[in-house]
Amino acid sequence: MTEGVVWLTIFVLSVFVGIEVISKVSSTLHTPLMSGANAIHGIILLGAILVTGTTESTFALIVGLVAIVLATVNMVGGFVVTDRMLQMFTRRKPARSPADTDGGAR
Amino acid sequence: MTEGVVWLTIFVLSVFVGIEVISKVSSTLHTPLMSGANAIHGIILLGAILVTGTTESTFALIVGLVAIVLATVNMVGGFVVTDRMLQMFTRRKPARSPADTDGGAR
Amino acid sequence: MPTWVQVVYLLCAVGFILALKGLSGPRTARSGNLIGAAAAVVACVLPFVYVDRLEHVPLMLGAVAVGTVGGVLGARRVQMTQMPQMVALFNGVGGGAAALVALLELRHMTDAVGGGELPGFDLAATAFTIFVGSVSFAGSLVTFAKLQELMTSRPVTFPGLPALFALLLVGAIALSVVTVTDAALAWAVVLCVVGLVFGVLLVLPVGGADVPIVISLLNAFTGLTVAAGGYVLGNTVLLVGGTLVGSAGTFLTLLMARAMGRSVANIMFGALKGGSTLGGGVASDRPVRSAGPDDVGIVLAYASRVIIVPGYGLAVAQAQHTLRELVDLLLKRGIKVDYAIHPVAGRMPGHMNVLLAEAQVPYEQLIEMDDINGEFKHTDVVLVVGANDVVNPAAKTTPGAPIYGMPILNADEAHQIVFMKRSMRPGFAGIENELLFDPKTTLLFGDAKDSLAKLLKAVESL
Amino acid sequence: MPTWVQVVYLLCAVGFILALKGLSGPRTARSGNLIGAAAAVVACVLPFVYVDRLEHVPLMLGAVAVGTVGGVLGARRVQMTQMPQMVALFNGVGGGAAALVALLELRHMTDAVGGGELPGFDLAATAFTIFVGSVSFAGSLVTFAKLQELMTSRPVTFPGLPALFALLLVGAIALSVVTVTDAALAWAVVLCVVGLVFGVLLVLPVGGADVPIVISLLNAFTGLTVAAGGYVLGNTVLLVGGTLVGSAGTFLTLLMARAMGRSVANIMFGALKGGSTLGGGVASDRPVRSAGPDDVGIVLAYASRVIIVPGYGLAVAQAQHTLRELVDLLLKRGIKVDYAIHPVAGRMPGHMNVLLAEAQVPYEQLIEMDDINGEFKHTDVVLVVGANDVVNPAAKTTPGAPIYGMPILNADEAHQIVFMKRSMRPGFAGIENELLFDPKTTLLFGDAKDSLAKLLKAVESL
Ligand SMILES: NC(=O)c1ccc[n+]([C@@H]2O[C@H](COP(=O)([O-])OP(=O)(O)OC[C@H]3O[C@@H](n4cnc5c(N)ncnc54)[C@H](OP(=O)(O)O)[C@@H]3O)[C@@H](O)[C@H]2O)c1
Ligand SMILES: NC(=O)c1ccc[n+]([C@@H]2O[C@H](COP(=O)([O-])OP(=O)(O)OC[C@H]3O[C@@H](n4cnc5c(N)ncnc54)[C@H](OP(=O)(O)O)[C@@H]3O)[C@@H](O)[C@H]2O)c1
Numbered sequence: 000m001t002e003g004v005v006w007l008t009i010f011v012l013s014v015f016v017g018i019e020v021i022s023k024v025s026s027t028l029h030t031p032l033m034s035g036a037n038a039i040h041g042i043i044l045l046g047a048i049l050v051t052g053t054t055e056s057t058f059a060l061i062v063g064l065v066a067i068v069l070a071t072v073n074m075v076g077g078f079v080v081t082d083r084m085l086q087m088f089t090r091r092k093p094a095r096s097p098a099d100t101d102g103g104a105r
Numbered sequence: 000m001t002e003g004v005v006w007l008t009i010f011v012l013s014v015f016v017g018i019e020v021i022s023k024v025s026s027t028l029h030t031p032l033m034s035g036a037n038a039i040h041g042i043i044l045l046g047a048i049l050v051t052g053t054t055e056s057t058f059a060l061i062v063g064l065v066a067i068v069l070a071t072v073n074m075v076g077g078f079v080v081t082d083r084m085l086q087m088f089t090r091r092k093p094a095r096s097p098a099d100t101d102g103g104a105r
Numbered sequence: 000m001p002t003w004v005q006v007v008y009l010l011c012a013v014g015f016i017l018a019l020k021g022l023s024g025p026r027t028a029r030s031g032n033l034i035g036a037a038a039a040v041v042a043c044v045l046p047f048v049y050v051d052r053l054e055h056v057p058l059m060l061g062a063v064a065v066g067t068v069g070g071v072l073g074a075r076r077v078q079m080t081q082m083p084q085m086v087a088l089f090n091g092v093g094g095g096a097a098a099l100v101a102l103l104e105l106r107h108m109t110d111a112v113g114g115g116e117l118p119g120f121d122l123a124a125t126a127f128t129i130f131v132g133s134v135s136f137a138g139s140l141v142t143f144a145k146l147q148e149l150m151t152s153r154p155v156t157f158p159g160l161p162a163l164f165a166l167l168l169v170g171a172i173a174l175s176v177v178t179v180t181d182a183a184l185a186w187a188v189v190l191c192v193v194g195l196v197f198g199v200l201l202v203l204p205v206g207g208a209d210v211p212i213v214i215s216l217l218n219a220f221t222g223l224t225v226a227a228g229g230y231v232l233g234n235t236v237l238l239v240g241g242t243l244v245g246s247a248g249t250f251l252t253l254l255m256a257r258a259m260g261r262s263v264a265n266i267m268f269g270a271l272k273g274g275s276t277l278g279g280g281v282a283s284d285r286p287v288r289s290a291g292p293d294d295v296g297i298v299l300a301y302a303s304r305v306i307i308v309p310g311y312g313l314a315v316a317q318a319q320h321t322l323r324e325l326v327d328l329l330l331k332r333g334i335k336v337d338y339a340i341h342p343v344a345g346r347m348p349g350h351m352n353v354l355l356a357e358a359q360v361p362y363e364q365l366i367e368m369d370d371i372n373g374e375f376k377h378t379d380v381v382l383v384v385g386a387n388d389v390v391n392p393a394a395k396t397t398p399g400a401p402i403y404g405m406p407i408l409n410a411d412e413a414h415q416i417v418f419m420k421r422s423m424r425p426g427f428a429g430i431e432n433e434l435l436f437d438p439k440t441t442l443l444f445g446d447a448k449d450s451l452a453k454l455l456k457a458v459e460s461l
Numbered sequence: 000m001p002t003w004v005q006v007v008y009l010l011c012a013v014g015f016i017l018a019l020k021g022l023s024g025p026r027t028a029r030s031g032n033l034i035g036a037a038a039a040v041v042a043c044v045l046p047f048v049y050v051d052r053l054e055h056v057p058l059m060l061g062a063v064a065v066g067t068v069g070g071v072l073g074a075r076r077v078q079m080t081q082m083p084q085m086v087a088l089f090n091g092v093g094g095g096a097a098a099l100v101a102l103l104e105l106r107h108m109t110d111a112v113g114g115g116e117l118p119g120f121d122l123a124a125t126a127f128t129i130f131v132g133s134v135s136f137a138g139s140l141v142t143f144a145k146l147q148e149l150m151t152s153r154p155v156t157f158p159g160l161p162a163l164f165a166l167l168l169v170g171a172i173a174l175s176v177v178t179v180t181d182a183a184l185a186w187a188v189v190l191c192v193v194g195l196v197f198g199v200l201l202v203l204p205v206g207g208a209d210v211p212i213v214i215s216l217l218n219a220f221t222g223l224t225v226a227a228g229g230y231v232l233g234n235t236v237l238l239v240g241g242t243l244v245g246s247a248g249t250f251l252t253l254l255m256a257r258a259m260g261r262s263v264a265n266i267m268f269g270a271l272k273g274g275s276t277l278g279g280g281v282a283s284d285r286p287v288r289s290a291g292p293d294d295v296g297i298v299l300a301y302a303s304r305v306i307i308v309p310g311y312g313l314a315v316a317q318a319q320h321t322l323r324e325l326v327d328l329l330l331k332r333g334i335k336v337d338y339a340i341h342p343v344a345g346r347m348p349g350h351m352n353v354l355l356a357e358a359q360v361p362y363e364q365l366i367e368m369d370d371i372n373g374e375f376k377h378t379d380v381v382l383v384v385g386a387n388d389v390v391n392p393a394a395k396t397t398p399g400a401p402i403y404g405m406p407i408l409n410a411d412e413a414h415q416i417v418f419m420k421r422s423m424r425p426g427f428a429g430i431e432n433e434l435l436f437d438p439k440t441t442l443l444f445g446d447a448k449d450s451l452a453k454l455l456k457a458v459e460s461l
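Chains as they are written, first to last, in numbering that gives the first Met the number 0: chain A, 0 to 105; chain B, 0 to 105; chain C, 0 to 461; chain D, 0 to 461.
It is worth saying that the hints were derived from the structure and are not from the lab. Here the structure is a predicted model, which means the values were calculated and not measured. Heads up, a few of these hints could be off.
Here are some chain D residues pointing at chain A (derived, C-beta under 10 Å) [what the hints assert, rightly or not]:
#: 1; residue: 40
#: 2; residue: 85
#: 3; residue: 238
#: 4; residue: 291
#: 5; residue: 292
#: 6; residue: 392
#: 7; residue: 445
Taking lysine to any residue and the SDA-like style, the derived pairs with C-alpha atoms no more than 20 Å apart in a straight line are [what the hints assert, rightly or not]:
#: 8; chain 1: B; residue 1: 23; chain 2: C; residue 2: 437
#: 9; chain 1: B; residue 1: 23; chain 2: C; residue 2: 250
#: 10; chain 1: A; residue 1: 23; chain 2: C; residue 2: 260
#: 11; chain 1: A; residue 1: 23; chain 2: D; residue 2: 370
#: 12; chain 1: A; residue 1: 23; chain 2: B; residue 2: 88
#: 13; chain 1: B; residue 1: 23; chain 2: A; residue 2: 1
#: 14; chain 1: B; residue 1: 23; chain 2: C; residue 2: 76
#: 15; chain 1: B; residue 1: 23; chain 2: C; residue 2: 260
Note that CB positions come from ideal geometry on N, CA and C, so glycine has one too.
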C-alpha cells in the first residue's frame with residue numbers, strides 16, 4: 000500500500016473508534032471525559048521530544064524546550080486533574096454520610 | 000512503518016471498530032446482524048477473483064472457479080436473505096392489521 | 000495497485016463499517032445491509048478495472064453468475080423457520096472459499112519464489128486460513144445437517160473424542176509448521192483434510208438448541224480467515240471486512256451466550272465433560288392437570304386479557320400461522336392479546352420476532368420481556384406455546400439450576416396458565432418446571448400446530 | 000525505527016483507546032484515565048531508548064520536570080468550580096506545543112531537502128497544525144480569561160467582525176498555500192500570528208455559559224493538530240491518539256450541544272448574526288412574591304419532602320458547601336431531601352455532580368433528571384438555588400422559545416417553589432420564566448451563598 004493510503008486508513012479507522020467508543024457516555028461523565036481526552040492529546044510531548052532531540056540550532060532548541068514544557072503541562076496536568084475529578088466520583092459510593100437517614104415523614 | 004506493523008495496526012483498529020460498532024445492538028436484531036456479518040465475509044469473492052485471474056494452471060483455475068462460486072453464494076445469498084428478514088421487520092410498522100383492536104374489557 | 004484503487008478499497012471498507020453500524024439499530028438495519036452489499040459489489044468489480052492482465056474473465060463471470068443464481072434462489076426460497084441453517088450454509092461456503100483461496104495463494108507463493116526464501120508471516124497466515132476455513136466449512140455443514148434434521152440434533156459424543164480432539168489439534172499445528180517451513184502444497188492439502196475432520200468433531204457434541212451459538216462462532220472464524228487472506232493479498236477491504244466480522248462476531252457470540260445465561264465454553268464443550276445435564280432431562284411423572292382443546296377454548300374465549308408466550312416448540316411445530324389466526328379471532332372478540340417475546344426464545348436470538356413477523360403479526364403486538372413483565376399480574380390467561388425454560392421460575396428461585404440468573408417472563412403471576420406441549424419432557428435446559436405443577440396451570444398436550452388448530456375450532460364454535 | 004518500537008507505539012495507541020473506553024463508563028472511568036496516563040508515559044520514554052543520537056537529553060528532561068511541576072501544581076490547586084478554565088488552559092498549551100512542533104518540523108524539512116522537492120502532503124499537514132494549533136492556543140486563553148473573569152463573560156462583538164473573520168480565513172488559506180509551495184519558515188510564522196488573532200476573534204463573541212462547548216470544540220481541534228503532527232513524523236501514537244481525541248471530542252461537542260437543545264453553529268456564531276436574544280434578557284418588572292430567609296426557613300423546617308435544584312448560580316456563588324450544610328441540617332430534622340441534577344446545570348455538562356461531590360454530598364442524594372421527575376408532584380418544597388432555565392416550563396409550553404424542546408425538571412409540579420437568585424434577570428437563555436410569577440412561588444433575593452447562610456441560621460434557630 001502507498002504510504003499515504005496507510006496513514007489515511009489508520010486515520011479513518013481511528014475516527015470510527017473515537018466516535019463509537021464514547022457514544023454511550025452518560026452526561027454525568029462529560030466533563031471528566033473531556034478532560035481525559037484533553038490529557039491524551041498531551042502526547043504531542045512525544046513529538047516535541049523527537050523534534051527537539053534531533054535539532055542542532057540553538058534557536059530551534061529553545062523553541063523545542065518551550066514546546067516540551069507546554070506539552071508536559073498539558074499531559075501531566077490533564078491526567079492529574081481528571082484523576083482528581085474521578086476520585087471524587089468514586090469516593091462517593093462508600094461515603095454514606097451518617098446524616099443520610101431516610102426517615103422522612105413520607 | 001514496517002509493512003507488518005501497518006497490517007497489525009489496521010487489524011487492531013478494526014477489531015475495536017467491530018466490537019464497538021455493534022455493542023449497542025438489541026437482542027431482536029441478533030439474527031439479522033449475524034446474517035449481515037456473514038454476508039460481509041463473502042468479500043472473500045474479491046480474493047478469489049484476484050487469485051483466479053492471475054493463475055495459469057488449469058487445475059488452479061478449476062479450484063479458483065469453485066472458490067468463486069462458493070464465495071458468490073455466501074455474499075449474494077447473505078445480503079439477500081438479510082434483506083428479506085429486515086424487510087419483514089420494517090414492513091410491520093405500517094401494517095396495522097384491522098384485527099388489532101384495543102377493545103379489551105381492561 | 001494505483002493509489003485511487005487503494006482509496007476505493009478503503010471506501011469499501013468504510014462501507015462495511017457503516018453496514019455493521021446500521022445493522023445494529025432497528026431503523027437503520029435495512030439501509031445498513033444495502034450499504035454493505037453496495038460496498039461488496041464495488042470492491043468485487045474493481046479488479047476487472049485495474050488489474051492489467053486479468054485472465055479467464057468470461058469463466059470467472061460465469062462462476063459469479065452461477066453463484067449469484069444459487070445464492071438468490073436459496074435466499075428467496077428458504078422459510079423463515081429455516082433461517083439458522085441457511086446462515087450456517089452460507090457461512091460454510093464462505094469458509095470453504097477462503098480455504099481454497101489460501102491454497103491457491105500458497106501455490107502462487109511457492110511458484111513465484113521457486114524454493115527460495117518465503118515470507119514466514121504470510122505462510123503462517125495462509126496455513127491459518129486453510130485450517131480454520133476448513134473447520135468452518137465442515138462445522139457449518141454439520142450444523143446445517145443438525146438443524147435441517149438430516150441427522151440427530153442431540154449431542155453426539157464417543158469415549159475417545161477429547162483425546163482425538165487433542166490429537167487433531169496437535170497434528171494441525173505440526174502441519175502448519177511444516178507448511179510454513181517447507182511451503183509444500185501437499186502438506187497444506189493434508190492440513191485442509193485435518194481441518195475438515197476437526198470441524199465435524201467440533202460441532203457433533205453440541206446439542207440442537209445450542210447450534211445458533213456455534214454458527215455465530217464459526218461465522219466469526221470465517222471472518223478471521225478472510226482477514227488473514229487480506230493480509231496475504233495486501234488488500235484493505237479483505238483485511239478490514241474480515242476483521243470486523245471476526246471481532247463483531249465474537250462479541251455477538253458472547254452477547255448471545257450471556258442472554259442464555261451460559262458460557263461459550265460450556266456450550267461448545269459441555270457435552271464432552273459429560274457432567275452437563277443439559278438436553279438430557281427425563282419426563283416427570285408427578286400429577287398435573289391437563290385439559291382438552293374445548294375446555295381451554297372456553298377459558299380463552301371468556302378472558303379479557305391474554306398474553307401469548309411463544310417458544311422453541313412453536314418454531315419446531317411451525318405453528319406461527321395458526322397461532323396468528325387464533326389471536327386474530329380472540330382480538331375480534333374484544334379480548335386484549337399480546338405476545339411476550341423472550342430474547343432467547345426460538346432457535347436463534349431474535350428468531351421469534353422474525354417468525355411472527357413472517358406470519359404477519361403486527362409489530363405492536365410483540366412486546367419485549369422488560370416491557371411486558373409488569374403486566375402478567377393483571378392477566379387472565381397466559382398461553383405458553385412450545386416454551387418452557389423462558390417461563391421456568393427456577394431461574395429466580397433455585398441457585399445452581401442451569402438457568403439460574405437468566406431473566407424470565409413472569410408467567411407465574413397470571414391468574415391462569417395454559418401450557419401447550421407434547422409431553423412432560425423438560426425444555427432445553429433439562430430441568431423440571433415447577434410451573435407445570437402449579438394449581439393455576441392447565442396442560443394441553445399435543446403438537447402445537449394440531450392443538451392450536453383444534454383450539455381455533457373450539458373458540459370459533461363458541 | 001526498529002519493529003519492536005513500532006509495536007510498543009501501537010500498544011500505547013491501544014492504551015489510549017482503552018482509556019477513552021474506560022472514561023465513558025462510571026465504574027471504569029478512573030482506571031481508564033490511569034491506563035491513558037501509563038500509555039502516554041511509556042510512549043514518551045521510548046525515544047530516549049531507541050533514538051540513536053538523541054541530543055540535549057538533560058535539557059529536555061529539565062523541561063519535562065518544569066512542565067510536570069507546573070501541571071501537577073495547577074491540577075492539584077485548582078478548585079472544582081474552576082475546572083472548566085483549567086481544562087481550557089491545558090488544552091491551550093497543548094495546541095501551542097503542537098504549533099511549535101510543526102514549526103520545527105517545517106525547519107527540519109526545509110533544511111533536509113535544501114530547496115529541492117518537498118512532499119506536498121506533509122507540508123499541508125504542517126501548515127494545518129501551525130494554523131489550527133495557534134487558533135486553539137489563543138482561543139483557549141480567551142476562554143480561560145472569560146471563565147476566570149479576567150474579562151467580561153458577555154459576548155463581545157463589533158460591526159466589522161464577520162468581514163474580519165472572512166478576511167483572516169482567506170489570509171490563512173493563502174498563507175498555507177504559500178507555505179506549502181515555498182516551504183518558507185517566515186510565512187509559517189505569519190500564519191501562526193494569523194491563527195492567534197483568529198483564535199481570539201473566534202471566542203470573543205461567545206457568551207460565558209456557552210464557553211464549555213467552545214472548550215470542547217477547541218479540544219477536538221488540538222487533537223486533530225496532534226494527529227497531523229503524527230502523520231508528518233510518521234508516528235502511530237500521535238496519529239491514533241490525536242485522531243481519537245479529534246473524533247471523540249467532536250462527537251462529545253455535539254452531544255453537549257444537544258443536551259442544551261442548541262446547535263454548535265448557533266453557539267459559535269449566534270452572537271455574530273445578531274438575531275439571537277441569548278444572554279441578552281432584561282429584568283422583568285412584573286410583580287412577584289418575595290420573602291426573607293426566616294419565612295423560607297420556616298417553610299423548609301416544617302416540610303416533609305424537599306428537593307434541591309442546583310444550577311449555574313450555585314457554581315458562581317460557590318455556595319455548594321453551605322448548601323450541603325443546610326441539607327444535612329434538614330436531614331437531621333427527619334426531612335427527606337434530594338438533589339435533582341439536570342444534565343446541563345452548572346458551567347459544564349456533569350459539572351453539578353463534580354461540585355456537589357467535592358462538597359461531600361453523598362452519591363445517593365444526587366438524583367438524575369429522569370429518575371426524579373416523577374417525584375416533584377409529591378414534594379412539599381422545591382428549593383431552586385441559582386438555577387433558572389432548567390426549571391423553565393417554557394421548554395414545554397412555548398414553541399419558538401430558545402430552550403423549547405430541552406428536557407427540564409418538573410419543579411412546577413411541587414406544592415411550593417422557592418427561588419434563590421439575586422435579581423429578576425432571566426437565566427442563560429435570556430427568556431422570562433413564568434414559574435417566577437406562579438402563585439406557588441416565593442423568591443429569596445440575594446447571592447446564593449449569603450442567602451443559604453442566612454437560611455441555615457434561620458432553620459437552626461427553629
Ligand atoms: N433463542 C436462542 O438463541 C437460543 C439458542 C440456544 C439455546 N437457547 C435456549 O433455548 C431455551 C429456549 O426456551 P424456550 O422456552 O423457548 O424453549 P424450551 O425451554 O426448550 O422449551 C421448548 C418446549 O417446547 C415443547 N415442544 C417442542 N416441540 C413441540 C411441538 N412440536 N409442539 C408443542 N410443543 C413442543 C417442548 O416440550 P415437549 O417436548 O414436551 O413437547 C419444550 O418443553 C432456553 O433455555 C435458551 O437458553 C436459546
Ligand atoms: N452545563 C452546561 O454544560 C452548559 C453549558 C453552556 C450553557 N448551558 C446553559 O446554561 C443554562 C443552565 O441552566 P441553569 O438553570 O443552571 O442556569 P441559568 O438558567 O443560567 O440560571 C442561573 C440563575 O442563577 C442566578 N444566579 C447567578 N449568580 C447567582 C448568585 N451568585 N447567587 C444566586 N443566584 C445567582 C441567575 O439569576 P440572577 O442573575 O438574578 O441572580 C440565574 O437566573 C441552560 O440554559 C443551559 O443550556 C449549560
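So, going through the hints one by one against the coordinates:
no.	hint	in the structure
1	40	holds (9 Å)
2	85	holds (6 Å)
3	238	holds (6 Å)
4	291	violated (26 Å)
5	292	violated (22 Å)
6	392	violated (21 Å)
7	445	violated (26 Å)
8	B/23 / C/437	violated (38 Å)
9	B/23 / C/250	holds (11 Å)
10	A/23 / C/260	violated (24 Å)
11	A/23 / D/370	holds (18 Å)
12	A/23 / B/88	violated (25 Å)
13	B/23 / A/1	violated (35 Å)
14	B/23 / C/76	violated (31 Å)
15	B/23 / C/260	holds (19 Å)
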